[in-house]
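Residue numbers (the numbering used here), protein chains in the order written: chain X, 1 to 250; chain P, 1 to 279.
Please note that a few of the clues may not be correct.
[Claimed, not checked] No farther apart than 30 Å at their CA atoms in a straight line, the calculated lysine-lysine pairs in the DSBU-like style are these: (1) X/K121 / X/K84; (2) P/K228 / X/K121; (3) X/K121 / P/K181; (4) P/K225 / X/K112; (5) X/K142 / P/K130; (6) P/K276 / P/K225; (7) X/K121 / P/K276; (8) X/K24 / X/K241; (9) P/K181 / P/K228.
[To be verified] A few chain P residues that don't get close to chain X, going by computed Cβ distances all over 10 Å: (10) L82; (11) A162; (12) L174; (13) A220; (14) V270.
Source of the hints: derived by calculation from the structure; they are not laboratory data. For glycine and all other residues, C-beta sits at the position ideal for the given N, C-alpha and C.
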Amino acid sequence: MNIFSHGGSCGHSCCLRIQGLSVKIGSDTILDHIDLHVHCGELIALIGPNGAGKSTLLKAILGQQEFDGVISFAVPGQRSRSPKIGYVPQSPGFDPGDPVTVADLFACCMSKRPAFLGISKAMRNQILTCLERVQGEDLIDKRVGTLSGGELQRVLLALALEPIPNILILDEPLSGVDVDGIETLMDMLDDIRKNYDLSILMTTHDFASLPRYADQVALIDRSLVSVGTPVEVLGSDAFRKVFNRKGGIL
Amino acid sequence: MGLWYAICDLLPSEMLQWDFMKNALLAVILMAPLFGLCSTMIVTGQMSFFSDALGHSAFTGIAIGCICGVAGPTWVAVVFSLVFALLFSYVRSKSNQAADTLIGVFSSTAVALGIFIATLDGGSFAKYNKYLIGDILSVTPAHIGMLSLVLSGVVIFWVVNANRLTLTAIHPQLASSRGIKTGLTQTVFTAAIAVIVTLAISWVGLLILNSLLVLPGASARNVSKNLKQYSLFAVLFALMAGIAGLTVSYFLGTSAGAAISLILALIFAVTFCLRKVCC
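Produce the entire structure from the sequences given, and follow the hints as far as they go.
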């Protein structure tokens with residue numbers, strides 16, 4: 001497996017390119033020859049039925065899954081062998097009983113000083129600045145396990161943005177979030193990609209918001225079935241075929 | 001030790017007129033914070049039964065040490081426990097079985113092996129009783145010196161790795177995405193617990209040891225709002241129960257380990273009732 005700079009040969013300021021990516025676990029082929037290209041400032045939605053390999057693709061990009069093929073990344077003026085990746089995991093399983101506040105979670109990620117010794121004023125201010133990006137300052141002293149779906153996604157998003165990554169990966173960020181929460185979260189992601197010029201990759205089963213927010217949609221069902229604008233992919237025969245066959249949403 | 005004895009002599013306590021009680025009290029004061037700190041991570045990482053299994057493996061290690069005629073079977077037990085912990089971590093990472101199933105496999109194997117070795121050639125099991133119940137009153141100044149060294153090592157390890165350990169315990173996938181080597185972190189932590197459990201087994205006892213590694217954290221969890229309170233209460237509860245349990249055992253003539261565990265259970269009951277008020 002390779003993750004390296006590909007030199008920006010595509011003509012865009014920076015981009016993530018996935019070429020011929022395959023994942024096999026034993027004799028089972030989870031992903032077969034995926035080719036995908038994401039430019040900075042773009043939001044690409046990975047869609048597909050359950051078990052299609054969407055999360056596996058994200059894990060491969062995160063370096064948590066062995067794969068064959070090439071994942072390359074380019075930033076102008078930089079030859080970054082390991083792009084900074086911000087990650088918001090799927091269905092974050094925080095235990096409601098854990099006495100871990102949002103501030104504790106940030107301190108564990110950002111500070112060398114043990115969080116159990118307490119959080120310094122400087123660190124608290126830094127955490128508040130991070131939470132400000134997602135309008136979540138009021139959540140700082142709440143227990144992580146007691147946050148609502150939308151609040152938790154915002155907190156994890158703020159965490160993934162510290163430090164500002166080159167690629168932001170979100171695994172099913174809209175699951176467990178109510179309709180208003182989805183709009184708030186998608187608006188935030190829209191602002192973030194414009195303000196920080198980063199690539200956003202997200203898996204989702206919520207297709208309604210895609211035409212408004214996504215630049216590209218990639219339909220995956222173990223291989224790349226279709227890729228294009230939301231209107232192209234969501235209106236394609238391939239989309240209908242995949243989801244009808246699997247008893248999916250449409 | 002001279003200074004400690006002098007301090008004890010100043011205290012108006014009947015039980016502290018005996019050197020063995022002074023040693024035991026110092027051992028409790030050193031061990032309790034260690035168990036308290038470890039318990040927060042064991043409870044958060046859902047490793048309660050794993051620490052129990054480690055106790056069983058320590059017992060097996062002692063049985064192996066005794067049968068081999070080694071003068072200090074505790075060190076054989078430390079090595080055996082480390083091998084046990086590392087083997088468990090390896091099998092867990094390669095198996096798709098639930099963690100509690102694998103703990104059951106390892107724990108029952110360890111205890112069966114321990115009893116098998118201890119009773120080989122018709123050997124008597126009686127000499128191993130002290131490892132089951134423990135005897136804090138048998139602690140010597142040399143043991144206390146060793147405890148201080150282990151405590152210092154654990155505190156340094158804790159301060160350096162606390163945030164990594166916490167993040168790995170509360171959300172391994174998130175920890176991994178932040179560049180933490182979660183497998184290595186968990187393995188080093190289990191190895192540290194293996195050493196602590198094995199060293200403490202002869203004073204605390206196999207049957208009671210696990211309660212000391214679970215109850216302080218479980219009680220603190222009931223009444224803590226954040227990580228700072230969690231660690232502080234766990235250490236405080238362990239220390240309170242340690243001192244109170246030793247005192248109760250002196251006046252009632254019971255096992256100190258059992259008295260400490262019962263007081264910890266009482267603290268758990270009280271904090272359980274207070275959980276809605278505090279959090």
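Now the hints, each set against the structure:
Between X/K121 and X/K84 the CA atoms are separated by roughly 27 Å; this keeps the pair inside 30 Å, and the hint holds. For a cut-off of 30 Å, the pair hint linking P/K228 to X/K121 stands: about 15 Å separates their Cα positions. For the hint pairing X/K121 with P/K181, the CA-to-CA distance comes to about 29 Å; that is within 30 Å, so the pair holds. The straight-line distance between the Cα atoms of P/K225 and X/K112 is roughly 21 Å, inside the 30 Å bound, and the hint therefore holds.
A distance of roughly 46 Å separates the Cα atoms of X/K142 and P/K130; the hinted pair therefore is violated under the 30 Å criterion. With a CA separation close to 11 Å, the supplied pair P/K276 and P/K225 stays within the 30 Å bound. Our distance criterion of 30 Å between C-alpha atoms is met by X/K121 and P/K276, whose separation comes to about 28 Å. Note on X/K24 and X/K241: the hinted pairing holds, with a Cα-Cα distance of about 25 Å set against a maximum of 30 Å.
Between the alpha carbons of P/K181 and P/K228 the distance comes to roughly 24 Å, so the proposed pair stays at or under 30 Å and holds. Distance check for P/L82 against chain X: the nearest CB is about 25 Å away, which clears 10 Å, and the non-interface claim stands. Listed as outside the interface, P/A162 is inconsistent with that label: its C-beta sits roughly 4 Å from the nearest C-beta of chain X, within the 10 Å cut-off. Once the 10 Å rule is applied to beta carbons, P/L174 is inconsistent with being away from chain X; the minimum gap is 5 Å.
Against the 10 Å criterion, P/A220 falls within the reach of chain X, whose nearest CB is about 8 Å from its own CB. Distance to chain X confirms P/V270 as a non-interface residue, since its nearest Cβ pair spans about 17 Å, more than 10 Å.
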